[in-house]
Amino acid sequence: MKNNPETKTVQITVAGKPMEAREGQTIVHALWQAGMASEVMTGCLGGVCGACTVSVRYPDGRKGGTELACLHQVEEGMQVFPFPVDPIPTKPPVKEPDAAKLREAYPTLDRCTKCESCTYACPMDIPVMDSVLRMQKGEVEQVAQDFTTCIHCGLCRAVCEDKVEPHQMGMWVRRSLGQSLPNMTPQEEPEGEAEREWGYLMEGTLEQRLERARQFRTQESLNSLEDSKE
Amino acid sequence: MDWAGDQLRQIEATRRQRLDESAPKMDDSKASTLLENFHPDFKGLERLVQVGPQAGKLKCLSEIAELLEADSPLPAVFEPSPTLETDVLVVGGGGAGLAAALTLQNSGLQVTVATKLRIGDANTLMAEGGIQAAVGSNDSPRRHYADTVVGGHGKNVPELVRLLVEEARPAIDWLTQLGVHFGRTEKGYELKPGGGTSTPRVLSCQDVTGLEIMRVLRDAVFHGPAQLLEGHSAVELCDDGEGRVTGAVLWNSEAKELVTVSARAVLLATGGSGQLRLQGFATSNHLGATGDGLVLAWRQGCSLVHLDSFQYHPTGSVFPEAIAGQLVTESARSMGAQLLNAEGKRFIDELSYRDRVAAAIIREVSEGRGVTTPAGRQGVWLDTPLIDKRQGEGTLARQFPGMIHRFKKYGIDPSTQPLLVYPTLHYQNGGVAIDQEARTEREGLWAAGEVTGGLHGTNRLMGNSLLDIIVFGRRAGESIISNIKDRGPVTLSALSRFRKERETVSGLSQQKAPQLYPTVSGMKFELKQAPLEKPGDDSFSQQGSAGGSSFEPPDPFSAR
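Just so you know, the protein sequences line up as chains A and B, in that order. The numbers in the first sequence follow full-length UniProt numbering, run straight up by one, and end at 230. The numbers in the second sequence follow full-length UniProt numbering, run straight up by one, and end at 560.
It is worth saying that the hints were derived from the structure and are not from the lab. You may find that some hints are simply not true.
[Stated by the list, open to error] Just a few of them, taken from the derived set where beta-carbon distance is under 7 angstroms, the chain A residues facing chain B: (1) Ala15; (2) Pro18; (3) Gly43; (4) Gln73; (5) Phe81; (6) Pro84; (7) Thr90; (8) Met184.
This structure is a prediction, so every number in the text was calculated from the model and none was measured. From the three backbone atoms N, C-alpha and C, an ideal C-beta is built for every residue, glycine too.
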């Protein structure tokens, strides 16, 4: 890093209010330091909850856009505008999702005019518009994969002139598909062996139990532990 | 990362040679010495707490002790007068709280979930690596038990661990039915090893497992009947005057008013305390993790266990400065990333227990083998490019989209560049004592998730906390259904007793608790100033029917 954040300060504005910040800080930490924490809603501070949505503008004419304030660094002259997105109700998932069922749940799916605002707005770099086009074609597996990292901040929906709700549909596809997958946990094994092993592991003093656990964990079962001792 | 050019070139040059190198081994006695010398739990900064149920007995970090001894932020004249009646009050909108709410949704009981931030804003969301369950072919719940107990230094409550591991398969089935995607192969769930697992046992959704689980739980709750109170922090629990918890006082942070809730059962699912930033550590935790639940339960007379033990996740990011403290998932190590000191040498088995790995990193740094960042932080290298070398090109990008995304913003590509890491305050190992039904020692009060203690002993394994919140969240819901009592009176008698006890001890700090927000955030508990009843009346005035009152006395000079 060329500049030491301990020393260099920058001037930014948040919702029109000027403030000083240290270079290298995130917008959220700069707000904290300036005593202006309540200007932008905050949640996880790690870029996964989608609470701290803002839009930013740069003084040098570079393209600004929507960002998460907890991940985005301040820079000289930056203008920050809080961009809170209210959640809207989702539709319940269905088994074996396809394009027809998705259209039924979210009739605005076909209103997409391919302006790509959603893709620009997404702070997680999800190819949102491409995925909406895949939804129209019913390519649900790929859609589910596209939305794996969706933090449900709602920016894609908030910027959509055509009232398409990509994040809601992505969630619906993922949940619907997930519910259609079979359980793959194995059947329980016979009771007797299990109870004997529980007895071995849970009885005795703390030291005895710890020592038994140490030995047991490297074996598949009590039988193999006993075999290995012989 | 031009400033570290020489070291990066050295790491690059030795990568191929290190690929097949076996990890440095350490026997248990050496490991104990390592922990005692370098783990933050052993620094001797603990003291006895002077007020409360275990006064003179409970030893914990002085920062925690001050919190437990602190007075309530409630005004002395505050009288609780319930304006909201519910059957079950769930305090906390993270994984444990929502798992319980979903379990309760067909019980006929009215459920209210109150949460400080928004529903789902919780550490659950930030869990990356995965969730443990003994579903592999060579695995069993007993083996999972043994790993967990060895990881926890044998201090785990055996019955709680047994429940955890035996309920793991049903928990995975339940999540799958709700629509959670876990990585799969043709044969079954894809399983990764974790630090201290004797066989691969960690199910995951790439490196966003917590996000996936939280998204699904939240959506399911949104479709259910539970009443959701966002922006409502619990500041005190209420009781019937005879030791039974009967409600809570919540602070509505938007209206800046107090709300008193009467409930037949209360579930404490408030999570952990990383934002207390103990001993000056950075944290991987979300905004709300300020240990509120410990304080609430403590004032009701609940015992706290293993509160001298915290988890410092070995690999918190230290560069770039903007994301210092944020998590680099343990999966990176389970997929082959190695830890290297400033000399480019490995110094610990990367898949050893978290406390050992964290202590080893601290040792390297304190003995002068750490790397200093331009901002003055210290750390060691995590050689992430090894993941693709070991597992095939493109593996890192495919398996760790969250990591790629986070570092890309700063021009760092973990698939070609190593990261700099140092332990970050990650998990509250101890907490409120519970039984196998998630009941606390107080009737009417249940607790689940990170706020509880005993399950993980003094060191938690990767993937056991996501399992904890699902298993014990559901268990709490079931137990409430079978044990719920009739409505009782709502008083603050436990708080009054606590305040009287405080008066007998001198030299206590002026701090208020629960503190609700990280101190560094400058955010505060602040009630709306109530209008005066009549001019010249300088007494506190009741604020509407919510039973609130003004927090600060009116300014006598305001009329000038």
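Checked hints:
A cut of 7 angstroms between beta carbons decides the hint on alanine 15/A: the least distance to chain B is about 17 angstroms, and the hint is violated. With a cut of 7 angstroms, the hint placing proline 18/A at the interface with chain B is violated, because the nearest CB-to-CB distance is about 18 angstroms. The closest approach between the C-beta of glycine 43/A and any C-beta of chain B is roughly 4 angstroms, which is under the 7 angstroms cut-off, so the hint is satisfied. For glutamine 73/A, the interface hint holds, the least distance from its beta-carbon to any beta-carbon of chain B being 5 angstroms, beneath 7 angstroms.
A least Cβ separation of about 19 angstroms between phenylalanine 81/A and chain B goes past the 7 angstroms threshold, and the interface hint is therefore violated. The interface hint given for proline 84/A is broken, as the beta carbon of that residue sits about 11 angstroms from the closest beta carbon of chain B, more than 7 angstroms. The closest approach between the C-beta of threonine 90/A and any C-beta of chain B is roughly 6 angstroms, which is under the 7 angstroms cut-off, so the hint is satisfied. Here the hint on methionine 184/A is kept, as its CB sits about 5 angstroms from the closest CB of chain B, short of 7 angstroms.
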